[in-house]
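J.: Heads up, the sequence shown is in the working numbering, so the first residue is -16 and it goes up one at a time.
Bear in mind the hints are in silico, worked out from the structure with no lab data behind them. Be careful, since some hints might not be right.
With a straight-line Cα cutoff of 30 Å, these simulated DSS-like cross-link-like pairs (lysine-lysine) come out [unchecked claim]:
1) K143 / K243
2) K92 / K445
3) K305 / K243
4) K473 / K453
5) K143 / K305
6) K346 / K243
7) K21 / K206
8) K311 / K457
9) K10 / K21
10) K10 / K445
These numbers come from a predicted model, not from an experiment.
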Amino acid sequence: MIYDMSVATQELGFIDITGEHPGPDGKMQVDTSFTRTKVAIKEHSDIPPGNCTAEGLLAGTCGSEEGYYLAQLPIYNGSTRFMHDLGNSQVQDEFLERTIAFGYTSDPKNREAVRDVMVHTPFHEGVVRIHELNPDTNREQIPIVEYVPGRLSDGRFGLKQTFVYTNFQEGFEEGAMAVLDPALVCDDHTRADTPENEASIRATGWTVQCTRDEEFHGHKHEKKGTRGHTQAIGTATEGKMPISLRSMTPVSRAVLDYCKSDPTIPGQYEVMGCIAHAHGWALAREYQPDVVVFEGDGFNTLNMVGWYQVYAPNAKIVVVGKTPPKLKSIQQINPNQILTVTTDGHDYSGLDDALRQVSQTGKADIIIPTIALPESQVASRVKEGGDIIWWAAAVSEHATRENKRKPYTNHYPYGGAPAAEMTADAVFSWLVQNNPEALEQFTSFPGATYVDMGPEAADIVKEWFNNGAKYVDKIDNISKKPFIRMGSFKSSTTIPTAINGDRNRYI
């Protein structure tokens, strides 16, 4: 294909969303396959500044993908966003040009191969290992908001708001792991010193999200490119490929030393970043709840409980779910802090009993449903003046602005905040150094299933999508989050020792 000595032909293997069709109930279902294709990338000194080459290690599923691939929307005449974008070649070309510029060659055949991977592979949670690295040291340093473990203004321990300067080129090292951020956002909506962003930070704790509009707040900007949404290559891609450094977050030395070459914990950075975004309103005013309820016992709740060890370490936590093994694992993060309640999905009397044990009012300060539930069921257990964080993507994605005044506040986080993965790294770095026992459950949690990249992974992704973003293990009948292992993290390979990167701010 390419004969230039500074170019290498790489074979990529990816989960391929090959199409969609109506299921027996009329709802859309995806078709998948495992596909291999060859692409040509630049190597070594020919990598453009600000980019690297990296191999995929781990991809994780996220329930928000269901809305993109399967929700039939009136705006698209009943079609899905995926099918609409798949037929929009003009928009694809805009994002393809940027993807090619990261370090692919522009040979016509290569462009089509890159486009094929870009528009068909799903998911935005991923971890890679860096190979060749060419940071753009001339890139402007800009201020961003970040929350780090420390003493709040009144002396309590928690996550304090800081502003740090970065050009998104620092902390990376060849051989080390990095996290793929879910989107490539523009500097204008990442930086913390523009008037609209300063106002947003005061109100929500984070900068405003970058949109796909041509113009936003009076200035034009580069379009956001979400991984797995026909705009950028999804994380379910195995092989070496060029990636922009400003769409990645380096994993700290502390976490790398703890994990060695296992990307399981770095694989949760995107989720932990979304949790940081969901709590922005509380972080901005240094609010810590006394009593919190999590409804659901999946990997999202495991992350939430880990987050609360740093954000509000004195809070009493009640977790309600259907699966005793998962509940037991979650409780082990902090047995003195966490009560668990088993429900059949109908009887929640055990939750009421638990709340009476930990709350003088018998109600929670914050309730976080990680599964779709009716508001009437949730609201009856939150105190007056309390808060509900609707974590379930099926709720937040379709939330509408409320006109009716309620005795509690609904929050609908969806999609994470710019640079929030840096806060996630700060949280995990602190846990590694100060409470490593809390992280033991992340690598043994019974609510996860790991599969090597290949046809079996494609089948599991298909089953997960077509079962409402849910995968039930046929052996133990437990609902699990699927993860795809790739490259040197495949179960059949010997995992090499990582070369540790260096970010010492939290050490």
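J.: Compare the structure with each hint and give your call.
T.: For each hint, the structure was consulted:
1. At most 30 Å may separate the alpha-carbon atoms for a hinted pair to count; K143 and K243 meet this at roughly 29 Å.
2. Between K92 and K445, the direct Cα distance comes to roughly 29 Å. Compliance with the 30 Å bound is thereby established for this hinted pair.
3. Distance check on the hinted pair: K305 and K243 sit about 33 Å apart at the alpha-carbon level, beyond 30 Å; violated.
4. For the proposed pair K473 and K453, the alpha carbon gap of about 23 Å is at most 30 Å, so the pair holds.
5. With a CA separation close to 35 Å, the supplied pair K143 and K305 exceeds the 30 Å bound.
6. Proposed proximity of K346 and K243 is contradicted: the alpha carbons are some 42 Å apart, above 30 Å.
7. Simply put, K21 and K206 have alpha-carbon atoms about 27 Å apart, close enough for the 30 Å limit, and the pair holds.
8. At roughly 21 Å between alpha-carbon atoms, K311 and K457 fall within 30 Å of each other, so this suggested pair holds.
9. Of the pairs offered as hints, the one joining K10 and K21 is violated, with about 34 Å between alpha carbons and a cut-off of 30 Å exceeded.
10. Among the hinted pairs, K10 with K445 is consistent with the structure: their alpha-carbon atoms are about 14 Å apart, no more than 30 Å.
Going through the hint list in order, the structure does not satisfy hints 3, 5, 6 and 9.
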